[in-house]
Amino acid sequence: SAVISQKPSRDICQRGTSLTIQCQVDSQVTMMFWYRQQPGQSLTLIATANQGSEATYESGFVIDKFPISRPNLTFSTLTVSNMSPEDSSIYLCSVGVGSMNTEAFFGQGTRLTVV
Amino acid sequence: EDKVVQSPLSLVVHEGDTVTLNCSYEVTNFRSLLWYKQEKKAPTFLFMLTSSGIEKKSGRLSSILDKKELFSILNITATQTGDSAVYLCAVESGYSTLTFGKGTMLLVSP
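Listed in order, the protein sequences are those of chains R and P.
Its first residue numbered 40, the first sequence is counted upward by one per residue in the working numbering.
Its first residue numbered 451, the second sequence is counted upward by one per residue in the working numbering.
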């Protein structure tokens, strides 16, 4: 298993501002993932963050809105830029471990409220 | 497009009941199916299934996969109030990305 520390755990932000969420893993992992869970919805993948390369974004998500950094194999950040109330969600980072990266473990999540 | 459908969407049972949660999927390059329990924010990993017909068991929880019919079930026996949560099914395909179902919200009343 992997222990993932995500912060902040929650924040209330003004519209138009940006928030950076950090994710620290206790072991080196190849792939890290960022998800969003809007109220009453399931998890939606925002992007895959690989160390040493640009993040790969899913349809509907763009780098200008959700810039991601992956400076090393244990750390990643997701920034939610120019926030609007529609960005109010839980944001989760996840890592895949095991021989096939299939056992995905999650950080504690960041509950973001944009007012 | 990969698709994961869970049923029922919500369920209310009494303590001691047995429940069965369903997950069906359509994926182009299936690798594994995973079950999670989500109580507050972060999902907690329960099971990973890759082979048909092999039951995974952990205490009162068990799960099995049918790759021919493209579904999985999660069973919880002798339910307790602490089992109240959203149970998420996810399918891994392609480059280790997961597609999640909408979840089943289980409420166990005392």
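Since the hints were made in silico from the structure, they are not lab data.
Check the hints yourself; a few may be wrong.
Said to hold, decoys possible - To be clear about the criterion: a stretch of chain P counts as covered by chain R if any three or more of its residues have a C-beta under 8 Å from a C-beta of chain R, and this derived list gives those stretches:
#1 457-468
#2 521-529
Unchecked claim - Within a straight-line C-alpha distance of at most 27 Å, the following computed DSSO-like cross-link-like pairs (lysine-lysine) qualify:
#3 P:K507 x R:K104
#4 P:K507 x P:K491
#5 P:K453 x R:K104
#6 P:K506 x R:K46
#7 P:K518 x P:K506
#8 P:K487 x R:K46
#9 P:K453 x R:K46
#10 P:K518 x R:K104
#11 R:K46 x P:K518
To be verified - If you want a taste of the chain R side facing chain P, the calculated C-beta under 7 Å gives, among others:
#12 Q77
#13 P78
#14 L82
#15 L84
#16 P106
#17 I129
#18 F145
#19 T152
Note that CB positions come from ideal geometry on N, CA and C, so glycine has one too.
Comparing the hints with the structure gives:
1. For the region 457-468 of chain P, the stated coverage by chain R is not satisfied: 0 residues place a CB nearer than 8 Å to a CB of that chain, which falls below the threshold of 3.
2. Counting residues of the region 521-529 of chain P whose CB lies closer than 8 Å to any CB of chain R gives 0, which falls below the minimum of 3, so the coverage claim is violated.
3. For the proposed pair P:K507 and R:K104, the alpha carbon gap of about 42 Å is over 27 Å, so the pair is violated.
4. Distance check on the hinted pair: P:K507 and P:K491 sit about 24 Å apart at the alpha-carbon level, within 27 Å; holds.
5. For the hint linking P:K453 to R:K104, the alpha-carbon distance of about 26 Å falls within 27 Å, and the restraint holds.
6. The hinted pair formed by P:K506 and R:K46 fails the criterion: a straight-line CA distance of about 33 Å is larger than 27 Å.
7. The straight-line distance between the Cα atoms of P:K518 and P:K506 is roughly 18 Å, inside the 27 Å bound, and the hint therefore holds.
8. Of the pairs offered as hints, the one joining P:K487 and R:K46 holds, with about 21 Å between alpha carbons and a cut-off of 27 Å not exceeded.
9. Simply put, P:K453 and R:K46 have alpha-carbon atoms about 31 Å apart, too far for the 27 Å limit, and the pair is violated.
10. Straight-line distance between C-alpha atoms of P:K518 and R:K104 comes to about 41 Å, which puts the hinted pair past the 27 Å bound.
11. Distance check on the hinted pair: R:K46 and P:K518 sit about 42 Å apart at the alpha-carbon level, beyond 27 Å; violated.
12. A hinted interface residue such as R:Q77 counts as satisfied when its beta carbon comes closer than 7 Å to some beta carbon of chain P; here the least separation is about 12 Å, so the hint is violated.
13. The interface hint given for R:P78 is broken, as the beta carbon of that residue sits about 12 Å from the closest beta carbon of chain P, more than 7 Å.
14. A cut of 7 Å between beta carbons decides the hint on R:L82: the least distance to chain P is about 5 Å, and the hint holds.
15. Checking R:L84 against chain P by beta carbon gives a least distance of about 6 Å; that is within 7 Å, so the hint holds.
16. With a least beta-carbon distance of about 20 Å to chain P, the hint placing R:P106 at the interface is violated under the 7 Å criterion.
17. Satisfaction of the interface hint for R:I129 is found here, the shortest Cβ-Cβ separation to chain P being roughly 5 Å, below the 7 Å cut-off.
18. With its C-beta approaching chain P no nearer than about 4 Å, R:F145 sits inside the 7 Å limit, and its interface hint holds.
19. Taken as an interface hint, R:T152 does not check out: its beta carbon lies about 13 Å from the nearest beta carbon of chain P, beyond 7 Å.
Checked against the numbered hints above, the structure breaks hints 1, 2, 3, 6, 9, 10, 11, 12, 13, 16, 19 and satisfies the rest.
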